[in-house]
Amino acid sequence: MTVSSATVSPSSPYAILSVRQLMWRRFRRNRLAVGGVWILLGLYLVSAFAGFVAPYGVRTTHDQFALAPPHGLHFRDADGRFTLRPFVYGLESSVDRSTFRKIFTRVPEETYSVRFLGRGVEYKLWGLIETNRHLFTVEDPGVIFLLGTDRQGRDLFSRILYGSQVSLTVGLLGVLLALVLGTVIGIVAGYFGGLLDSVIQRVIEVLLSFPQIPLWLALATLVPPTWSSIRVYFGLSLVLSIVNWGGLARQVRGMVYALREEDFIRAARYTNCSLARIVLRHLLPNTLSHVLVVATLAIPQMILGETALSFLGLGIRPPMTSWGLLLSEAQHVRVVLQQTWLLIPSAFVILTIICFNFMGDGLRDAADPFSQ
Amino acid sequence: MGAYILRRLLTLVPTVFLITVLGFIIMELPPGDYVDRYILQQQAQGNTGIADQEAMLRVRFGLDKPAAVRFTHWLGAFARGDFGDSLAQNRPVRTIIGERLLLTFVVSFCAFLLSWGIGIPLGIYSATHQYSKGDNFLTVTAFLGLGLPDFLIALIFLVLAWRVSGDVLTGLFSSEFTTASWSWAKFQDLLRHLWIPVLAVILTGTAWVMRVMRGNLLDVLNSNYIQAARARGVPERVVVWKHGVRNALHPLVSALGQTLVWLVNGFTITSIVLDLPTIQTVYLNATLSQDIFLGGTILILIGLLVVIGTFLADILLAWLDPRIRFS
Amino acid sequence: MSAHDASSLLSVEDLHVHFHTEQGTVQAVNGVSFTVGRGQTLGVLGESGCGKSVTGFSLLRLIRPPGRIERGRIVYHGLDTELDLVQEPSRSPLLRQVRGGEIAMIFQEPMTSLDPVYTAGNQVLEAINYHLDVSQAAAWDMAVTMLGKVGLPEPQRIMHTYPHQLSGGMRQRVMIAIALACHPQLLIADEPTTALDVTTEAQILELLQELQTDLQMAILFITHDLGVIAEMAQEVIVMYLGEIVERTDIESLFAEPLHPYTRALLESIPRLGTRDGKRLQAIEGVVPSPADIPLGCTFHPRCPDFMPGLCDVHAPTPQTLTDGRQVQCFLYDDQRPGVRNLQS
Numbered sequence: 010m011t012v013s014s015a016t017v018s019p020s021s022p023y024a025i026l027s028v029r030q031l032m033w034r035r036f037r038r039n040r041l042a043v044g045g046v047w048i049l050l051g052l053y054l055v056s057a058f059a060g061f062v063a064p065y066g067v068r069t070t071h072d073q074f075a076l077a078p079p080h081g082l083h084f085r086d087a088d089g090r091f092t093l094r095p096f097v098y099g100l101e102s103s104v105d106r107s108t109f110r111k112i113f114t115r116v117p118e119e120t121y122s123v124r125f126l127g128r129g130v131e132y133k134l135w136g137l138i139e140t141n142r143h144l145f146t147v148e149d150p151g152v153i154f155l156l157g158t159d160r161q162g163r164d165l166f167s168r169i170l171y172g173s174q175v176s177l178t179v180g181l182l183g184v185l186l187a188l189v190l191g192t193v194i195g196i197v198a199g200y201f202g203g204l205l206d207s208v209i210q211r212v213i214e215v216l217l218s219f220p221q222i223p224l225w226l227a228l229a230t231l232v233p234p235t236w237s238s239i240r241v242y243f244g245l246s247l248v249l250s251i252v253n254w255g256g257l258a259r260q261v262r263g264m265v266y267a268l269r270e271e272d273f274i275r276a277a278r279y280t281n282c283s284l285a286r287i288v289l290r291h292l293l294p295n296t297l298s299h300v301l302v303v304a305t306l307a308i309p310q311m312i313l314g315e316t317a318l319s320f321l322g323l324g325i326r327p328p329m330t331s332w333g334l335l336l337s338e339a340q341h342v343r344v345v346l347q348q349t350w351l352l353i354p355s356a357f358v359i360l361t362i363i364c365f366n367f368m369g370d371g372l373r374d375a376a377d378p379f380s381q
Numbered sequence: 216m217g218a219y220i221l222r223r224l225l226t227l228v229p230t231v232f233l234i235t236v237l238g239f240i241i242m243e244l245p246p247g248d249y250v251d252r253y254i255l256q257q258q259a260q261g262n263t264g265i266a267d268q269e270a271m272l273r274v275r276f277g278l279d280k281p282a283a284v285r286f287t288h289w290l291g292a293f294a295r296g297d298f299g300d301s302l303a304q305n306r307p308v309r310t311i312i313g314e315r316l317l318l319t320f321v322v323s324f325c326a327f328l329l330s331w332g333i334g335i336p337l338g339i340y341s342a343t344h345q346y347s348k349g350d351n352f353l354t355v356t357a358f359l360g361l362g363l364p365d366f367l368i369a370l371i372f373l374v375l376a377w378r379v380s381g382d383v384l385t386g387l388f389s390s391e392f393t394t395a396s397w398s399w400a401k402f403q404d405l406l407r408h409l410w411i412p413v414l415a416v417i418l419t420g421t422a423w424v425m426r427v428m429r430g431n432l433l434d435v436l437n438s439n440y441i442q443a444a445r446a447r448g449v450p451e452r453v454v455v456w457k458h459g460v461r462n463a464l465h466p467l468v469s470a471l472g473q474t475l476v477w478l479v480n481g482f483t484i485t486s487i488v489l490d491l492p493t494i495q496t497v498y499l500n501a502t503l504s505q506d507i508f509l510g511g512t513i514l515i516l517i518g519l520l521v522v523i524g525t526f527l528a529d530i531l532l533a534w535l536d537p538r539i540r541f542s
Numbered sequence: 218m219s220a221h222d223a224s225s226l227l228s229v230e231d232l233h234v235h236f237h238t239e240q241g242t243v244q245a246v247n248g249v250s251f252t253v254g255r256g257q258t259l260g261v262l263g264e265s266g267c268g269k270s271v272t273g274f275s276l277l278r279l280i281r282p283p284g285r286i287e288r289g290r291i292v293y294h295g296l297d298t299e300l301d302l303v304q305e306p307s308r309s310p311l312l313r314q315v316r317g318g319e320i321a322m323i324f325q326e327p328m329t330s331l332d333p334v335y336t337a338g339n340q341v342l343e344a345i346n347y348h349l350d351v352s353q354a355a356a357w358d359m360a361v362t363m364l365g366k367v368g369l370p371e372p373q374r375i376m377h378t379y380p381h382q383l384s385g386g387m388r389q390r391v392m393i394a395i396a397l398a399c400h401p402q403l404l405i406a407d408e409p410t411t412a413l414d415v416t417t418e419a420q421i422l423e424l425l426q427e428l429q430t431d432l433q434m435a436i437l438f439i440t441h442d443l444g445v446i447a448e449m450a451q452e453v454i455v456m457y458l459g460e461i462v463e464r465t466d467i468e469s470l471f472a473e474p475l476h477p478y479t480r481a482l483l484e485s486i487p488r489l490g491t492r493d494g495k496r497l498q499a500i501e502g503v504v505p506s507p508a509d510i511p512l513g514c515t516f517h518p519r520c521p522d523f524m525p526g527l528c529d530v531h532a533p534t535p536q537t538l539t540d541g542r543q544v545q546c547f548l549y550d551d552q553r554p555g556v557r558n559l560q561s
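Chains as they are written, first to last, in the numbering used here: chain A, 10 to 381; chain B, 216 to 542; chain C, 218 to 561.
Honestly, the hints are just simulated from the structure, not real lab data. Careful: at least some of the hints might be erroneous.
Claimed, not checked - Within a straight-line C-alpha distance of at most 25 angstroms, the following computed DMTMM-like cross-link-like pairs (lysine to aspartate or glutamate) qualify:
| # | chain 1 | residue 1 | chain 2 | residue 2 |
| --- | --- | --- | --- | --- |
| 1 | B | K457 | C | E326 |
| 2 | A | K133 | A | E118 |
| 3 | B | K348 | A | D370 |
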């Protein structure tokens, strides 16, 4: 007795958008998310060319300039004349006679102009191209420490750039590993069900209810101290992912469990489709977009995890560096109070985390294109 | 209700078991066993002859038995409250943990109460004033709070406090009060030190509670029974508080365990940076020195704490929600 | 539009309700005018998405952002003075008094329309306490009486039960008890039986009719079900894409539907006893998105009587016919040249 209406006629003038197009449209409208993506792209680009952008190498030390505060670029000289080419003042270190502390004073007579694309410390771009060109250097014997130096007189700005190569990628690698682990375990649990499923579910529950940081700490101590820094790097991303695959696996399991009873999966089963084909052709593509959203939201957690572990001395080890390792210099309260600039790497951590959070939130909203 | 609690208690058993297994595995993972480390320790103290007794020691500690047997022995001792001895400190783990437990609880509980007490009202405001200037401001602040690692916030507060007062407010007491007995002055001194770690940790916690509350309340305020309550002439204030907030609290209560997780997480690094006498500092030192019984025990206790917290949250939820209570 | 004689209880004039979404403005209700007479039942008929529910919600000012009443008047004549509900501030005490006290509403989803954490009694009492100045004991008695009146067994026990312990039909009875607890003059029933099974549906409809005679109230009955409307309403307005396309008495609706849309609706009803092997007639196409309303007559892309050059260019205006029925279609507009005139 109810009013019936037919299906859409083929001549319908209304554009039909695919789910992916709808997602993209929604994501683009989220200004915070798009802004986050642009900033992240910038960070990754600079990180890829760290050797070029950094005026000094990761291990270049300046013994006489240990713990020098940041000193900036100047466009106006002592007489107030404007110069297009920025310059830095010379630095002189001396000991304060009353406090016996090392202090740095600017030498107004000495000015060194900044040279662009000049030659400096040798480095290998991507481990391949050997060069000594830098985006900017300063005339000898002048020094340029945009963000100050650490206890061994190493330029913090350069070290932050080199550190970004670790900090920005270890999270991605960790998420990638967690993605593989989570997807495989999730599909197995969801597709086969039964006792295996219940056991996996319990394990995931325990993992998810457990505070990550103590668990990370416990696992990080297992990385042997004899390992090379590159192996530590991979070991660390493995540690990060071992604790974090639970959320992804749960997501995948839920979706596979629901999909298993869908007609198209049944049809595939009844037509003697191989298991591999069902999983690869039918299950994976259908869970992909949600899994990617969850993965994106996990990246900032992993970055924070790396920072925390390296900060506590259980993560990245020298000669490699990362933002967390740089911050570990600021671990002693006295240091922080006197050399506040050593906290600058945290600004980069925060910026990255917030951008990833914005992007993840944008993706999450966009993944549900029919909401609102 | 009684049946519900009983059923819920039963589901606790496999979870608790898994946590102890996890703890045991982590304690077993480092290369070498207790005897190896014991011998190293004794040798460092000049007891050179100890190496000859290696096999005997293994038998004495039961380390010659297969892992499953050792696990049952260890679990039995654990259940009786015998957590073994700390190698680094040469004292029972139980004593070491006992010394720190009260302060850890006090600090964590303060942080918990404050973050819920501030987060919920802010979340309600945000949801009832969606897209207003205040809501937008809170949203941005929450994003900052969630993006900032707690230990950094603590460091920033420390620098600020130093700039203002000239005091370095690490630890929980100034040096003159550390060993003094409790007095009003000591209590005041505690408060002076306590605000930095508590504020640092609750900034993240408050932001989280606020966002969850905002989302929940927005969902609830869009539900049919809210429109139905408005349609029968219930004043908006009552609609929001009696029907909206009451229902929006449920998901938050069920996430109580989650709150404990970030409290533990947050205080781990903050404690280390600020040198607080909490269990987390002991834990870090234990993991760094591979003091497995101490580290493992704390890890398991943390896991159990979260599980018990989640259990209590479920009971509370059942008490709040008739759909669970009468099912 | 229509004259406000003494018998009219609520008159809606040129109501426009728009939803401002990210995708653009959706004109959910677009210039709707009608009158509900005292003690009468007015049916509102239409497919899903035609704006009939939005119309119902706007009468109680329950439209939530991004929705907004853009213009028009909703005049309530039940009080001593005329009251334009559109002009009332959203939190005014007068508006609250009207909600539940003068105009009450029951909803499509009885399963989700009761707050799950409070007892049925609590929610009936809430309605009474905010409108009538009575003691707690008196309010309790009134609530129990009302629950009994809507045919719930053991009303004392129902007072203490939680919504999840009741069936869908029982919940809808509780909703009706809440709605009628303060003896409103108008009940807005928004598809109250759609979510219920057929037997329960019949019982609820019968109950509503009984209570209507008993309490002397008017009902605005919103439905997409022609069978239900035949049973309930004396007068019917047919809505399509936020506009009223036809207003008619119930007999003529079935005997001689005027608008092509109304005719199509009636043809889509399966009839018993017709064995000519004809396929069941469905209306071609779907209701276009309200965000994308066609030019001219909004029904023209689906209309069997579509007149090119007229219907897709000009918007028809409501025509009142000699028998008092109203229809918004060029077929009945003698002002347009070249239009067949059914009135002669």
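Can the restraint linking K457/B and E326/C be considered satisfied, given a maximum Cα separation of 25 angstroms? At roughly 21 angstroms apart (the allowed maximum being 25 angstroms), E326/C and K457/B satisfy the hint.
Pair hint K133/A and E118/A, alpha-carbon separation not exceeding 25 angstroms: Violated, at roughly 36 angstroms.
Holds or violated: K348/B to D370/A, with C-alpha atoms at most 25 angstroms apart: Given that 25 angstroms is the threshold and the Cα spacing comes to 20 angstroms, the pair holds.
In this structure, the one hint that does not hold is number 2.
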